[in-house]
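K.L.:
Protein sequence lines, in the order shown, are assigned to chains A and B. Just so we're aligned: the first sequence equals residues 3 to 111 in this note's numbering. Just so we're aligned: the second sequence equals residues 21 to 520 in this note's numbering.
Keep in mind that the hints were calculated from the coordinates and are not lab data. Just so we're clear, the structure is a prediction, and the values are computed from it rather than from any experiment. Accuracy of the hints is not assured; some may be wrong.
[Stated by the list, open to error] FRET-style restraints, in silico, Cβ to Cβ:
1) B:432 to A:88: 41 to 51 Å
2) B:390 to A:64: 48 to 58 Å
3) B:89 to A:58: 20 to 30 Å
4) B:399 to A:108: 32 to 42 Å
5) A:100 to B:83: 51 to 61 Å
6) A:103 to B:390: 24 to 34 Å
7) A:95 to B:392: 31 to 41 Å
8) A:62 to B:492: 53 to 63 Å
9) A:13 to B:48: 28 to 38 Å
[Stated by the list, open to error] If the Cβ cut is set under 7 Å, some of the chain A residues that face chain B in the computed set are:
10) 33
11) 57
12) 72
13) 79
14) 87
15) 88
16) 108
17) 109
Every residue, glycine too, gets a C-beta built ideally from N, C-alpha and C.
Take a look at the letters that make up each chain.
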Amino acid sequence: MTPLLAALPPVTVQHYLLLSGLLFAVGLVGVLFRRNIIIVLMCLELMLSAANLAFVAFSRVHGNLQGQVMVFFSIAVAAAEAAVALSIIIALYRARGGVDVEDAAEMKG
Amino acid sequence: MDIAGPFAPVLLETLSACGAGAVLLVDLFTPEARKSRVGAASLAVTAILFLAAWFGMEAGGETATLFGGSLVLDGMAVFLKRTFATAGLLAVLAAIRYEDRLPRGRGEFHFLLLSALTGMFLVSSVGDLMSMFVSLELVTLSFFILAAFRRERPESVEAGLKLLVLGSLAAAFVLFGTAFLYGATGDLTFAGLRDHLASLRGAPPSRDLLLGLLFVLLGLGFKIGMVPMQVWVPDVYQGAPAPVTAFLAVGSKAAGFALVLRLVTTVAGPGTKDSLQLLFTALAFATLFYGNLAAIPQTNVKRLLGYSSIGHCGYLLMGLAALGPASYYDESAAASGAAAILFYLLAYALTTFGAFLVVILFSAATGSDEMDDYAGLSRRSPLLAASLTVALLSLAGVPPLAGFFGKFMLMRSVALTGPAGFGLLVAGAVNVVIGLYYYLCLVKRMYVHPPKDASPLPVTGPTAALLYALTAALLILGIFPGAFVTLASDAARAAFGVGG
Numbered sequence: 003m004t005p006l007l008a009a010l011p012p013v014t015v016q017h018y019l020l021l022s023g024l025l026f027a028v029g030l031v032g033v034l035f036r037r038n039i040i041i042v043l044m045c046l047e048l049m050l051s052a053a054n055l056a057f058v059a060f061s062r063v064h065g066n067l068q069g070q071v072m073v074f075f076s077i078a079v080a081a082a083e084a085a086v087a088l089s090i091i092i093a094l095y096r097a098r099g100g101v102d103v104e105d106a107a108e109m110k111g
Numbered sequence: 021m022d023i024a025g026p027f028a029p030v031l032l033e034t035l036s037a038c039g040a041g042a043v044l045l046v047d048l049f050t051p052e053a054r055k056s057r058v059g060a061a062s063l064a065v066t067a068i069l070f071l072a073a074w075f076g077m078e079a080g081g082e083t084a085t086l087f088g089g090s091l092v093l094d095g096m097a098v099f100l101k102r103t104f105a106t107a108g109l110l111a112v113l114a115a116i117r118y119e120d121r122l123p124r125g126r127g128e129f130h131f132l133l134l135s136a137l138t139g140m141f142l143v144s145s146v147g148d149l150m151s152m153f154v155s156l157e158l159v160t161l162s163f164f165i166l167a168a169f170r171r172e173r174p175e176s177v178e179a180g181l182k183l184l185v186l187g188s189l190a191a192a193f194v195l196f197g198t199a200f201l202y203g204a205t206g207d208l209t210f211a212g213l214r215d216h217l218a219s220l221r222g223a224p225p226s227r228d229l230l231l232g233l234l235f236v237l238l239g240l241g242f243k244i245g246m247v248p249m250q251v252w253v254p255d256v257y258q259g260a261p262a263p264v265t266a267f268l269a270v271g272s273k274a275a276g277f278a279l280v281l282r283l284v285t286t287v288a289g290p291g292t293k294d295s296l297q298l299l300f301t302a303l304a305f306a307t308l309f310y311g312n313l314a315a316i317p318q319t320n321v322k323r324l325l326g327y328s329s330i331g332h333c334g335y336l337l338m339g340l341a342a343l344g345p346a347s348y349y350d351e352s353a354a355a356s357g358a359a360a361i362l363f364y365l366l367a368y369a370l371t372t373f374g375a376f377l378v379v380i381l382f383s384a385a386t387g388s389d390e391m392d393d394y395a396g397l398s399r400r401s402p403l404l405a406a407s408l409t410v411a412l413l414s415l416a417g418v419p420p421l422a423g424f425f426g427k428f429m430l431m432r433s434v435a436l437t438g439p440a441g442f443g444l445l446v447a448g449a450v451n452v453v454i455g456l457y458y459y460l461c462l463v464k465r466m467y468v469h470p471p472k473d474a475s476p477l478p479v480t481g482p483t484a485a486l487l488y489a490l491t492a493a494l495l496i497l498g499i500f501p502g503a504f505v506t507l508a509s510d511a512a513r514a515a516f517g518v519g520g
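Please work from the sequences and hints to get the whole structure.
P.N.:
So, in structure tokens, the structure goes:
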């Protein structure tokens, strides 16, 4: 181990949770404020990944595998969601000629 | 009668998943000219599910579990499955009256309705957080596609996209919250969560657990259209195809409440009920007033029903607010709140389909959902006008219709919590009046205003029979609610652990 790495404090579960919380917050801000729907979709995937990271970290803490199994399910669900999302975005592009948030803001009231 | 033995927890799920596959096969082997067979096959599947749910399952039997506790079949699950089976049958009946307007993909449309229904059956009997997430996503993903199904209409695509972005956001909240619940307890099952809380012996639960609970409740709040997660409701209701809107209104709300009820019955205890009661009281206030006040200026019927469905979510939240403050905690009040929610969901399912069936038939004949075009409907088609009037009055809560008794039960459960519930009781009563106002505005258009176009709207035999049957069901459920109330109360009492 290099001297620089040895000088760093050990990585604990708190660090993983902090990273997970940060990823979730970044994703949430992106969903709320980005205008391109593809980027909004990527931010949603980021939020799911943040939750997955928390699951794996907690799984390590508790020493059981339930959290890791849950991650497999969540990855499968996220993949299905991405497939549906991209096809709806293509339908939006055909209907309105763009994939920005403004292209899906006709209905109001 | 119990027809499935040890496999009762997955009886309906298996039947409807196989049925969905069968519908796709029928679609594949049916020539273009005879596509109405696809709807008939789908109707046969949901009719079997309806019969199996109401006559093939034991309501008061022992709690059965399957797959290591992942799926649980108790009284509450049976009641919810019966509600969903009824909603599924009505959704397919409504879809058959709509499918001539689909340019393509009848088989896929019915397949997706049935896959959403499968998800709803699973939702009613989840026993751990993993099956909760997966079955909830099965419902949600099916509805994403269904809402955007008429992709040649921009508003349908827009509805699908809005449902998609906000639905996925809600899923992320549920998943993140689930991670923290798992972190706090080290277990993904509801039983583990209950044991963990019991082991605290009244001490406040850890921060991880409260954070997880809050995130999961916020995520589920999206499904039920609760303020502040309600923004998608009006747009999606307006843009989605009408049968999908009706099924979404009933299915998403009931699925969300099924999970909220499961979670609340699991975590409500001495250490948490105060904060839960405060939370649900505040949410019920906000949701009631938001939904009902925003409904007043609407001009589109589907949008009006969207806002009114937010209002109904507020009434349902009153049932959760009946958990009771610690000083006055009464398990039977909490159980009566849960029973009221179950009964209300059944009444709401019938009423919503009654209203949306008329909306579907009207827009099939005239191509419009605008309230102004409903003017003089009583002269163009007395049956349509009368059916819609009965459904709207039931939504408003006028006796002797089903909606009245549901609201009565909810308010009674709030009154049982003592002085703390009085504010909410008054808010509920005020909102009933607001609701009556905007529902009657539409009734007035149909009966008082002269029609712009006086051509009659004929209603054919089977459709008329369906309208009569739904109206009769609303009256029966309102005048003779006893048997259904008993079923709901038994289910809720078992869930809250209150004897006899």
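K.L.:
Now tell me, hint by hint, if it's right for this structure.
P.N.:
Hints versus structure:
Restraint check, residue 432 of chain B to residue 88 of chain A: a C-beta distance of roughly 49 Å satisfies the suggested window 41 to 51 Å. Between residue 390 of chain B and residue 64 of chain A the beta carbons are some 57 Å apart, a value that agrees with the proposed interval 48 to 58 Å. Range check, residue 89 of chain B to residue 58 of chain A: Cβ separation about 23 Å, and the 20 to 30 Å hint holds. Between residue 399 of chain B and residue 108 of chain A the beta carbon distance is about 33 Å. The supplied range of 32 to 42 Å therefore holds.
Here the CB-CB span from residue 100 of chain A to residue 83 of chain B is close to 53 Å, well matched to the stated 51 to 61 Å. Checked against the hint of 24 to 34 Å, the pair residue 103 of chain A and residue 390 of chain B passes, with Cβ atoms roughly 27 Å apart. Taken as a hint, the range 31 to 41 Å holds for the pair residue 95 of chain A and residue 392 of chain B, whose Cβ atoms sit roughly 33 Å apart. About 59 Å separates the C-beta atoms of residue 62 of chain A and residue 492 of chain B, a value consistent with the hinted range of 53 to 63 Å.
For the pair residue 13 of chain A and residue 48 of chain B, the supplied restraint of 28 to 38 Å is violated, since their beta-carbon distance comes to about 54 Å. The interface hint given for residue 33 of chain A is met, as the beta carbon of that residue sits about 6 Å from the closest beta carbon of chain B, less than 7 Å. At a threshold of 7 Å, the smallest CB-CB gap from residue 57 of chain A to chain B is about 5 Å, leaving the interface hint in force. Hint status for residue 72 of chain A: holds, given a least beta-carbon distance of 5 Å to chain B, under 7 Å.
With its C-beta approaching chain B no nearer than about 5 Å, residue 79 of chain A sits inside the 7 Å limit, and its interface hint holds. Satisfaction of the interface hint for residue 87 of chain A is found here, the shortest Cβ-Cβ separation to chain B being roughly 6 Å, below the 7 Å cut-off. Using the Cβ-Cβ criterion of 7 Å, the hint placing residue 88 of chain A at the interface with chain B is not satisfied: the shortest such distance is roughly 10 Å. Interface hint status for residue 108 of chain A: upheld, as the beta-carbon distance to the closest one in chain B is roughly 6 Å, under 7 Å.
Contact between residue 109 of chain A and chain B, as hinted, is supported at the beta carbon level, the nearest pair being about 5 Å apart and thus within 7 Å.
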